[in-house]
Amino acid sequence: MVPRPADSAAPEGASTDPWVPRVLAVAGARDETVGVRTLTIDPAAVDGGAGIAPGQFAMLYVFGVGEVPISFSGTPDDGPAVAHTVREVGPVTRALCALEAGERIGWRGPFGRGWPLAEAEGGDLALIAGGIGLAPLRPALRAVKARRDRFGRVALLYGARGPGDMLFLPELRAACADADIQLLLAADHAEPGWTGEVGVVPAFLPRLKLDPARTRAFVCGPEAMMRYTVLGLGDLGVGADRIFVSMERNMKCAVGLCGRCQFGGDFVCRDGPVFPFADIAARFAVRER
Amino acid sequence: MSIKGLDSILREHPFVAGLDDDSLAFIAGCARNVVFDADARVFSEGGDADHFYLIREGGVALEMFVPGRGEITFLTLGAGDILGSSWLVPPYRWTFDARAVVRTRALAFDAACLRGKCEEDARLGYDMMKRFVPVLAQRLQAARLQLADLYGAPAG
Numbered sequence: 050m051v052p053r054p055a056d057s058a059a060p061e062g063a064s065t066d067p068w069v070p071r072v073l074a075v076a077g078a079r080d081e082t083v084g085v086r087t088l089t090i091d092p093a094a095v096d097g098g099a100g101i102a103p104g105q106f107a108m109l110y111v112f113g114v115g116e117v118p119i120s121f122s123g124t125p126d127d128g129p130a131v132a133h134t135v136r137e138v139g140p141v142t143r144a145l146c147a148l149e150a151g152e153r154i155g156w157r158g159p160f161g162r163g164w165p166l167a168e169a170e171g172g173d174l175a176l177i178a179g180g181i182g183l184a185p186l187r188p189a190l191r192a193v194k195a196r197r198d199r200f201g202r203v204a205l206l207y208g209a210r211g212p213g214d215m216l217f218l219p220e221l222r223a224a225c226a227d228a229d230i231q232l233l234l235a236a237d238h239a240e241p242g243w244t245g246e247v248g249v250v251p252a253f254l255p256r257l258k259l260d261p262a263r264t265r266a267f268v269c270g271p272e273a274m275m276r277y278t279v280l281g282l283g284d285l286g287v288g289a290d291r292i293f294v295s296m297e298r299n300m301k302c303a304v305g306l307c308g309r310c311q312f313g314g315d316f317v318c319r320d321g322p323v324f325p326f327a328d329i330a331a332r333f334a335v336r337e338r
Numbered sequence: 015m016s017i018k019g020l021d022s023i024l025r026e027h028p029f030v031a032g033l034d035d036d037s038l039a040f041i042a043g044c045a046r047n048v049v050f051d052a053d054a055r056v057f058s059e060g061g062d063a064d065h066f067y068l069i070r071e072g073g074v075a076l077e078m079f080v081p082g083r084g085e086i087t088f089l090t091l092g093a094g095d096i097l098g099s100s101w102l103v104p105p106y107r108w109t110f111d112a113r114a115v116v117r118t119r120a121l122a123f124d125a126a127c128l129r130g131k132c133e134e135d136a137r138l139g140y141d142m143m144k145r146f147v148p149v150l151a152q153r154l155q156a157a158r159l160q161l162a163d164l165y166g167a168p169a170g
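Chains as they are written, first to last, in the working numbering: chain F, 50 to 338; chain V, 15 to 170.
In short, the hints are calculated from the structure, not lab data.
Predicted model only: the values in this text are computed from it and were never measured.
Keep in mind that a hint or two might mislead.
As the list claims (entries may be wrong) - As a list, the in silico DSSO-like pairs of lysine-lysine whose alpha-carbon atoms are at most 30 Å apart:
id, chain 1, residue 1, chain 2, residue 2
1, F, Lys194, F, Lys258
2, V, Lys144, V, Lys131
3, V, Lys131, V, Lys18
4, F, Lys258, V, Lys18
5, V, Lys18, V, Lys144
6, V, Lys144, F, Lys258
Unchecked claim - Here's a subset of chain F near chain V, in silico, CB distances under 7 Å, partners left out:
id, residue
7, Ala239
8, Pro241
9, Gly248
10, Val249
11, Ala252
12, Met274
Claimed, not checked - Label-pair ranges, simulated between beta-carbon atoms:
id, chain 1, residue 1, chain 2, residue 2, range
13, F, Glu149, V, Gly61, 53 to 59 Å
14, F, Arg143, V, Ser99, 41 to 47 Å
15, F, Ala167, V, Pro105, 54 to 60 Å
16, V, Glu85, F, Gly97, 48 to 54 Å
Don't be surprised by glycine CBs; every beta carbon is placed ideally from N, CA and C.
Given only the sequences and the hints, what does the whole structure look like? Please build it.
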């Protein structure tokens with residue numbers, strides 16, 4: 050039987066059991082690009098956002114359709130709402146992208162390990178995103194901006210298929226200008242009028258104005274893009290122990306029990322999604338279809 | 015005020031990292047400083063590839079004209095990059111357009127001069143090839159990644 054809001058064991062907005070979704074209303078919904086939509090949630094509906102950290106995820110449940118893991122693209126620490134930016138790729142994400150403000154969803158979280166921001170303080174930091182991979186890095190960017198004096202040089206390198214596919218552009222430009230963060234925007238393909246770079250993300254790594262020996266890199270994007278990016282960072286002299294990647298696998302329970310997201314000896318939901326590359330380098334080369 | 019010689023300007027470019035002083039002075043004889051204003055055409059598809067460039071400052075867009083769409087940029091280059099490889103390959107003809115996107119400073123090498131010096135000094139010629147081939151390989155790899163459309167929707 051498919052649970053419906055009225056059937057849920059959890060009262061509105063309240064659940065401390067990680068298996069039981071909270072039922073809450075979407076506070077806001079906004080299209081970002083074609084097929085990408087941001088849903089916001091009132092922090093009050095999720096304990097004020099307690100425990101939510103950049104790089105973590107929640108399980109979003111569309112009643113009668115299914116549940117999927119979606120990263121936080123905004124946290125109460127860096128903005129007025131909890132945000133999830135969703136790309137339509139299957140039935141559940143299509144249903145999420147069709148939601149309007151006021152409609153109800155099930156929500157479990159926060160889960161997983163996020164970006165090691167505290168560890169990165171005191172050094173240079175490269176935030177490297179491809180496509181929808183910017184979403185999990187956006188709270189990290191906001192956190193760095195809020196504590197800018199704790200970091201050395203910071204750069205954001207963001208690649209997408211085309212300029213029209215880039216997320217949060219005005220916000221990125223303003224944040225980077227305000228906080229002295231180098232911004233490199235790279236479109237794989239561009240029509241006349243685009244003033245950013247054209248080419249793939251790894252090609253622009255040498256342009257990052259950072260000291261490789263004291264740089265940590267947070268990387269999120271399609272796995273092939275991350276593979277070549279990690280190689281490029283290594284060529285520049287950034288050690289594998291200072292490169293962190295956000296992995297995507299098909300998560301189900303989100304608490305490290307079901308094994309659906311098993312990745313070598315780790316569960317991505319519990320031990321990731323953010324991993325030090327040094328810990329997963331051997332597994333990264335395994336060809337999974 | 016001191017004026018930098020061409021050798022010392024050339025020495026700052028990553029393309030010649032590790033090149034010995036004699037070889038550097040030898041190839042510097044083929045080079046001159048050039049400046050392109052924003053939006054200036056550096057070279058055009060079909061033209062004689064009689065130079066190649068080491069970009070010192072600024073940025074250059076590599077473009078192809080596509081009827082109905084205009085000039086399509088397929089790669090942008092910046093400081094530290096090499097512009098142009100058609101000078102190496104007969105019939106020495108540019109296969110795309112290059113346009114400065116901002117005011118751009120570069121070192122322009124006379125291709126015939128440099129080819130002549132590479133023929134004259136095979137060791138230098140081999141050294142030049144070892145510097146060019148990795149750049150060409152990187153660009154080929156980047157083109158493959160562009161073709162792979164990594165950001166396209168995954169299956170399912």
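Consistency of the hints with the structure:
1. This hinted pair checks out: lysine 194 of chain F and lysine 258 of chain F have alpha carbons roughly 17 Å apart, not beyond 30 Å.
2. The straight-line distance between the Cα atoms of lysine 144 of chain V and lysine 131 of chain V is roughly 16 Å, inside the 30 Å bound, and the hint therefore holds.
3. At most 30 Å may separate the alpha-carbon atoms for a hinted pair to count; lysine 131 of chain V and lysine 18 of chain V meet this at roughly 24 Å.
4. For the hint pairing lysine 258 of chain F with lysine 18 of chain V, the CA-to-CA distance comes to about 24 Å; that is within 30 Å, so the pair holds.
5. Between lysine 18 of chain V and lysine 144 of chain V the CA atoms are separated by roughly 27 Å; this keeps the pair inside 30 Å, and the hint holds.
6. Taking the CA atoms of lysine 144 of chain V and lysine 258 of chain F, the gap is about 26 Å. The hint holds against a cut of 30 Å.
7. The criterion of a C-beta within 7 Å of any C-beta in chain V is met by alanine 239 of chain F, whose closest approach is roughly 5 Å, and the hint holds.
8. At a threshold of 7 Å, the smallest CB-CB gap from proline 241 of chain F to chain V is about 5 Å, leaving the interface hint in force.
9. Proximity of glycine 248 of chain F to chain V holds as hinted, the smallest CB-CB distance being about 5 Å (cut-off 7 Å).
10. For valine 249 of chain F, the suggested interface contact is upheld, since its CB lies about 4 Å from the closest CB of chain V, less than 7 Å.
11. The beta carbon of alanine 252 of chain F comes within 5 Å of a beta carbon in chain V, closer than 7 Å, and the hint placing it at the interface holds.
12. Given the 7 Å rule on beta carbons, the hint for methionine 274 of chain F holds: about 5 Å separates it from the nearest Cβ of chain V.
13. Glutamate 149 of chain F and glycine 61 of chain V have their C-beta atoms about 56 Å apart, which keeps the hinted 53 to 59 Å range intact.
14. Here the CB-CB span from arginine 143 of chain F to serine 99 of chain V is close to 45 Å, well matched to the stated 41 to 47 Å.
15. A C-beta distance of roughly 59 Å is found between alanine 167 of chain F and proline 105 of chain V, which places it inside the suggested range of 54 to 60 Å.
16. Range check, glutamate 85 of chain V to glycine 97 of chain F: about 52 Å between beta-carbon atoms, so the 48 to 54 Å window is met.
Figure legend: structure checked against the earlier numbered hints; every hint is met.
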